[in-house]
Every structure is written in C-alpha cells, then in structure tokens.
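Chemist: If you read the sequences in order, they're chains B and E.
Using this note's numbering, count along the first sequence one by one with no gaps and you end on 113.
Using this note's numbering, count along the second sequence one by one with no gaps and you end on 114.
One or more of the hints may lead you astray.
Claimed, not checked - Restricting the straight-line Cα-Cα distance to at most 20 Å, the calculated cross-link-like pairs of lysine to aspartate or glutamate (EDC-like) are:
(1) E:42 - B:7
(2) B:57 - E:17
(3) E:42 - B:44
(4) B:57 - E:27
(5) B:11 - B:24
Stated by the list, open to error - DEER-style ranges, computed between Cβ atoms:
(6) E:1 - B:27: 24 to 34 Å
(7) E:113 - B:14: 41 to 51 Å
(8) E:56 - B:81: 45 to 55 Å
(9) E:72 - B:14: 38 to 48 Å
(10) B:84 - E:9: 22 to 32 Å
What the hints assert, rightly or not - Here are a few chain B residues that face chain E, going by a calculated C-beta distance under 10 Å:
(11) 6
(12) 37
(13) 42
(14) 56
(15) 84
(16) 99
(17) 105
(18) 106
(19) 107
Bear in mind the hints are in silico, worked out from the structure with no lab data behind them.
Computed from a prediction, not measured in an experiment: that's the story for all the values here.
Quick reminder that beta carbons are idealized off the backbone N, C-alpha and C, glycines included.
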Amino acid sequence: DTGVSQDPRHKITKRGQNVTFRCDPISEHNRLYWYRQTLGQGPEFLTYFQNEAQLEKSRLLSDRFSAERPKGSFSTLEIQRTEQGDSAMYLCASSLGPGQIQYFGPGTRLLVL
Amino acid sequence: GENVEQHPSTLSVQEGDSAVIKCTYSDSASNYFPWYKQELGKRPQLIIDIRSNVGEKKDQRIAVTLNKTAKHFSLHITETQPEDSAVYFCAASRESGGGNKLTFGTGTQLKVEL
Numbered sequence: 001d002t003g004v005s006q007d008p009r010h011k012i013t014k015r016g017q018n019v020t021f022r023c024d025p026i027s028e029h030n031r032l033y034w035y036r037q038t039l040g041q042g043p044e045f046l047t048y049f050q051n052e053a054q055l056e057k058s059r060l061l062s063d064r065f066s067a068e069r070p071k072g073s074f075s076t077l078e079i080q081r082t083e084q085g086d087s088a089m090y091l092c093a094s095s096l097g098p099g100q101i102q103y104f105g106p107g108t109r110l111l112v113l
Numbered sequence: 001g002e003n004v005e006q007h008p009s010t011l012s013v014q015e016g017d018s019a020v021i022k023c024t025y026s027d028s029a030s031n032y033f034p035w036y037k038q039e040l041g042k043r044p045q046l047i048i049d050i051r052s053n054v055g056e057k058k059d060q061r062i063a064v065t066l067n068k069t070a071k072h073f074s075l076h077i078t079e080t081q082p083e084d085s086a087v088y089f090c091a092a093s094r095e096s097g098g099g100n101k102l103t104f105g106t107g108t109q110l111k112v113e114l
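Just chain B, same shape as in the assembly (with noise of 0.2 Å):
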C-alpha cells in the first residue's frame, strides 16, 4: 500500500493517560500535515512539517499536544494528560511539496473515557 498510514487506527484511553500516534506519509512527500476532525465537523489544522521542520502550529494545539518528525519520514503525534475533549478522529496527510493535493490517511480514532 502506497498511501498514507496511521497506526493505531482507534485508541481508547483514561483521562490523564498520555498516547502517542504515528503517520507515515507517502514516500518522497516533504509535506505533512495533522488534523483533528470531531463528529459532523470538517477537518481541523493543527500542525504542518516540511522535511523535518515544524512550520506551523495551530492555536487548537496546547501545550499538551507535541509533534516530531524526526528525519522527515514519519510522524508523531503526542498527547499529555489527555482530556475528554480531546477525543476525535486524528488525520494525517502528506503533499509532494507546496501547493500540491494533499493525500490523507485513515486517521486514529481517540476516545477518552
């Protein structure tokens, strides 16, 4: 499978429990981009990568949220001390580079018991 891939597709944790999820893009794509999408709502942005520079982060993105990309591969998306409301689908997606479409994975599913 060429395409994007998220692991672990569904997770479900105990407030103030930490979890991490990890994307792998689309192989040679420089771009990387997560997302957090709740129920009926569109995607949100949270934070992009070029290579391995974190370019931008959302404000939706607190101080408990932390991404890497470490050799501008693959992804990972952390979270502290989670909440209730931090239950939603977590989307990753890559492009080739700037201005290109942007291909997204199947996304993890967080709920927070």
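Assemble chain E onto chain B, guided by the hints.
Modeler: The following block gives chain E in isolation, referenced to the frame of chain B:
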C-alpha cells in the same frame, strides 16, 4: 484567519438529478480550493480541485466553479448515482504565509435516492 462556510448541510436528490454544493471563503489571498469526499468511517479523498487562475474545471460528471470577486466556489455533480452518497467538504488554502494548510467547510451530507 480563513473562514469557509458551506451550504447546504444536507442534500437529498433523486438518482440522475444534479447536485450543487456552495462554499464561501473570507481570505482573498486563498488561491487553492479542493473538494474532498468522505464516506462513513473512511479517509477524505480528493475529487476535484481548482486554483485561483481558473474559473471552472470539469472532470466527467463533476465540475467546480470559482468566483474570486465574490469569494465563492461551487461543486456540481451531474447524473448522480447512489455511490455519490457521502459527505462532501470544500476547503481553501494559500501558500504565501499560509503553508497550504486547508481550512474546511462544515460538510454536506449528500444522499442520492433510487
């Protein structure tokens, strides 16, 4: 920042009819407008996109029109089929100072009835 509004939120059509979904955006610097289709439980998939230097683009039964002056763009689906049933999202983005991050509308649930 950019704000994208999308209408209608739900749309029901008979098979074979046309469907039109409309979006407006607020940032005049936005220059890229993709449309994504999302089936239940699946990833958003690009169905068509348009850039600000073009007024209209067509791909088989799907077309998108853009009015930069009015800051609105529309998706047109002709000869609808049951497999067109899904949620459709419009989005807007700009590269300069925007990183091409997508700002999405709230979605339109399209139902094509037999």
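Chemist: The structure should be examined with respect to each hint, and the outcome stated for every one.
Modeler: Do the hints match the structure? See the list:
In summary, the hint linking residue 42 of chain E to residue 7 of chain B is supported, as the alpha carbons are separated by about 14 Å, within the 20 Å threshold. For the proposed pair residue 57 of chain B and residue 17 of chain E, the alpha carbon gap of about 42 Å is over 20 Å, so the pair is violated. With a C-alpha separation of about 16 Å, the suggested pair residue 42 of chain E and residue 44 of chain B falls inside the 20 Å cut-off, and the hint holds. Distance check on the hinted pair: residue 57 of chain B and residue 27 of chain E sit about 19 Å apart at the alpha-carbon level, within 20 Å; holds.
As the CA atoms of residue 11 of chain B and residue 24 of chain B are separated by approximately 17 Å, the hinted pair is consistent with the 20 Å bound. For residue 1 of chain E and residue 27 of chain B, the hinted distance range of 24 to 34 Å is satisfied, since their beta carbons lie about 32 Å from each other. At roughly 43 Å, the beta carbons of residue 113 of chain E and residue 14 of chain B sit within the given window of 41 to 51 Å. About 49 Å separates the C-beta atoms of residue 56 of chain E and residue 81 of chain B, a value consistent with the hinted range of 45 to 55 Å.
Checked against the hint of 38 to 48 Å, the pair residue 72 of chain E and residue 14 of chain B passes, with Cβ atoms roughly 45 Å apart. At about 26 Å, the beta-carbon gap between residue 84 of chain B and residue 9 of chain E stays in the expected band of 22 to 32 Å. At about 9 Å, the closest approach between the beta carbon of residue 6 of chain B and any beta carbon in chain E falls short of 10 Å, and the interface hint on this residue holds. Interface restraint check for residue 37 of chain B: the shortest CB-CB distance to chain E comes to about 8 Å, inside 10 Å, so the restraint holds.
Checking residue 42 of chain B against chain E: minimum C-beta separation of about 3 Å stays under 10 Å; hint holds. At its closest, the beta carbon of residue 56 of chain B sits 5 Å from a beta carbon of chain E; the interface hint therefore holds under the 10 Å criterion. Checking residue 84 of chain B against chain E by beta carbon gives a least distance of about 22 Å; that is not within 10 Å, so the hint is violated. Checking residue 99 of chain B against chain E: minimum C-beta separation of about 5 Å stays under 10 Å; hint holds.
At its closest, the beta carbon of residue 105 of chain B sits 6 Å from a beta carbon of chain E; the interface hint therefore holds under the 10 Å criterion. Annotation: residue 106 of chain B was flagged as interfacial toward chain E, and the flag holds, the nearest CB pair being 5 Å apart, inside 10 Å. A distance limit of 10 Å between C-beta atoms decides the matter here; for residue 107 of chain B the minimum to chain E is near 6 Å, and the interface restraint holds.
The structure fails hints 2, 15 (numbered hints given earlier, in ascending order).
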